[in-house]
Amino acid sequence: MLSQAPVELQARDVFCERDDRVLFEHFDLNLSGGALVQLAGPNGAGKTTLLRILAGLNHDFEGDVLFNGEPLHSIYPEYAAQRLYMGHLAAVKKSLTALENLRWLTSQWQIDEDRLVQALEAVELMGYEMTPCQQLSAGQQRRVSLARLLVVPAPLWILDEPFTALDKQGVAWLEQRLREHVEQGGAVVITSHHALQAVPGLQVLDLSRWAGDAL
Amino acid sequence: MSLVTATLRRDLLLAARNPGEWLNPLMFFLMVAALFPLAVDPDPKFLSKIAGGVIWVAALLATLLSLDALYKTDVDDGTLEQWLASGESLYALALVKALVHWCISGLPLTLMAPLLGLMLHLPDSAYWALIVSLAVGTPVLSLLGAVGAALTAGVRSGGLLLTLLILPLYVPVLIFAASAVYHASIGMDYNGQIGFLGALLALAVCLTPFASAAALKLNLSR
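Line by line, the protein sequences give chains U and X.
Quick note: the first sequence, position 88, residue 88 per the working numbering, numbers continuous.
Quick note: the second sequence, position 14, residue 229 per the working numbering, numbers continuous.
Be aware that one or more of the hints could be misleading.
Claimed, not checked - Each pair of labels, with its calculated beta carbon distance range:
#: 1; chain 1: X; residue 1: A417; chain 2: U; residue 2: E129; range: 37 to 45 angstroms
#: 2; chain 1: U; residue 1: S74; chain 2: X; residue 2: L326; range: 55 to 63 angstroms
#: 3; chain 1: U; residue 1: D19; chain 2: X; residue 2: L418; range: 49 to 57 angstroms
#: 4; chain 1: X; residue 1: A417; chain 2: U; residue 2: H59; range: 31 to 39 angstroms
#: 5; chain 1: X; residue 1: P329; chain 2: U; residue 2: G139; range: 48 to 56 angstroms
#: 6; chain 1: U; residue 1: G34; chain 2: X; residue 2: L326; range: 35 to 43 angstroms
#: 7; chain 1: X; residue 1: A231; chain 2: U; residue 2: E121; range: 20 to 28 angstroms
#: 8; chain 1: U; residue 1: H26; chain 2: X; residue 2: R232; range: 45 to 53 angstroms
#: 9; chain 1: X; residue 1: V386; chain 2: U; residue 2: H193; range: 22 to 30 angstroms
#: 10; chain 1: X; residue 1: L418; chain 2: U; residue 2: D64; range: 36 to 44 angstroms
#: 11; chain 1: U; residue 1: H88; chain 2: X; residue 2: S340; range: 57 to 65 angstroms
Since the hints were derived computationally from the structure, they do not count as laboratory data.
All residues carry an ideal CB built from backbone N, CA and C; glycine is no exception.
Work the whole structure out from these sequences, hints included.
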């Protein structure tokens, strides 16, 4: 299901400041297929900011971020098709059903209706396809958003706190899915306070190592 | 189905599921026309003179009422971020958003206007001018308003700010449109005014999505 294109995400000497505070400086990252990078650090360390920079959504930084050797902004539409970004907001509309939400979330990849239904079944939302999401719990709404991980053919995943609101089974399912993706040659960048277990190629980066001083 | 058509479909579906959001401004529109003769003067001669202007002012205010939520929910629930992540142009999104907004505000206003004309004794010769001016003018209101909505989407209680920003831009539309209806009601030619409205619409379609896209980028890059 993954496209066989090589995945290589590089950050070189990235510097970012917010409100006169250096979030991180001289940050380097080399990520290729078959690896998972977990960004750690205390609240406010700039994990989400860094994730948005790597996803090409935030341009307010110095340094270079390269995908397969090209700067993100020059190949952005191509990059956008190759990476799946999931923010800490689930982007789930409350008055739409789970299926309608998933259809919109994956519409850029134009995925068959049957596969979307199968994905919802796999995240244990069987029978809820036609229920408006306002009647689902926070964890179930998160699952709607996570169902993307089963159908989107992007080799690079950038996930911001995907474990939020998930129950034990949900956490186990997501860990399993991350493991499969990495084993199939995909790459993942994730922020989480959750201790990931048994994922091959796991690398934990504590952002406070790159923290700067107040300006 | 591409993201653009999927968004168009999704937003229309959302409007169908939450009719309160767009019925409210329509009720406001209807109530202005119903209450105006009671409060001012029910004399048909007087009403027929001011009908076009009253209908247009009510349509403009009803549009303003419905603008606040245009981008706000999308910013708050992360939908806009997902759009940006998709690599699809924000220009297309801004056009889709304005189009959907017109479908649920300008279009029903245009369709309801003849009823209001009847209530306010609009002269027979002015109905066509009223409908055409609304059909051409309300898309301009949606497109201009979308820029203000995009700018204030990240601001808490940005409704007042939105009104202050957008109202001055609405004035030319109001002047040409009300003048078209008035000229039609006294039997004069009104092609010039409709032509101006058409020019404003062409300009707005080409330019305002750029402004909306830039404003959304500002909102999202924080």
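Verdict for X:A231, U:E121 (Cβ pair) under range 20 to 28 angstroms: holds, 27 angstroms
X:V386 paired with U:H193, Cβ distance criterion 22 to 30 angstroms: Hint violated: Cβ distance 53 angstroms, outside 22 to 30 angstroms.
U:D19 paired with X:L418, Cβ distance criterion 49 to 57 angstroms: Given range 49 to 57 angstroms: violated, Cβ gap about 39 angstroms.
Consistency of beta-carbon spacing, U:H59 to X:A417, with hint 31 to 39 angstroms: holds, 32 angstroms
C-beta pair U:S74, X:L326: status relative to the range 55 to 63 angstroms that was hinted: violated, 47 angstroms
Consistency of beta-carbon spacing, U:E129 to X:A417, with hint 37 to 45 angstroms: Since the Cβ atoms of X:A417 and U:E129 sit about 43 angstroms apart, the hinted range of 37 to 45 angstroms holds.
Whether the CB-CB distance between U:H26 and X:R232 falls inside 45 to 53 angstroms: Given about 50 angstroms between the Cβ atoms, the range holds.
Consistency of beta-carbon spacing, X:L326 to U:G34, with hint 35 to 43 angstroms: violated, 59 angstroms
Distance restraint evaluation - U:H88, X:S340, Cβ atoms, bounds 57 to 65 angstroms: holds, 59 angstroms
Satisfaction of the hinted span 36 to 44 angstroms by the C-beta atoms belonging to X:L418 and U:D64: About 40 angstroms separates the Cβ atoms of X:L418 and U:D64, which means 36 to 44 angstroms holds.
Whether the CB-CB distance between X:P329 and U:G139 falls inside 48 to 56 angstroms: Since X:P329 and U:G139 have Cβ atoms about 51 angstroms apart, the given range 48 to 56 angstroms holds.
Checked against the numbered hints listed earlier, the structure breaks hints 2, 3, 6 and 9; every other hint is satisfied.
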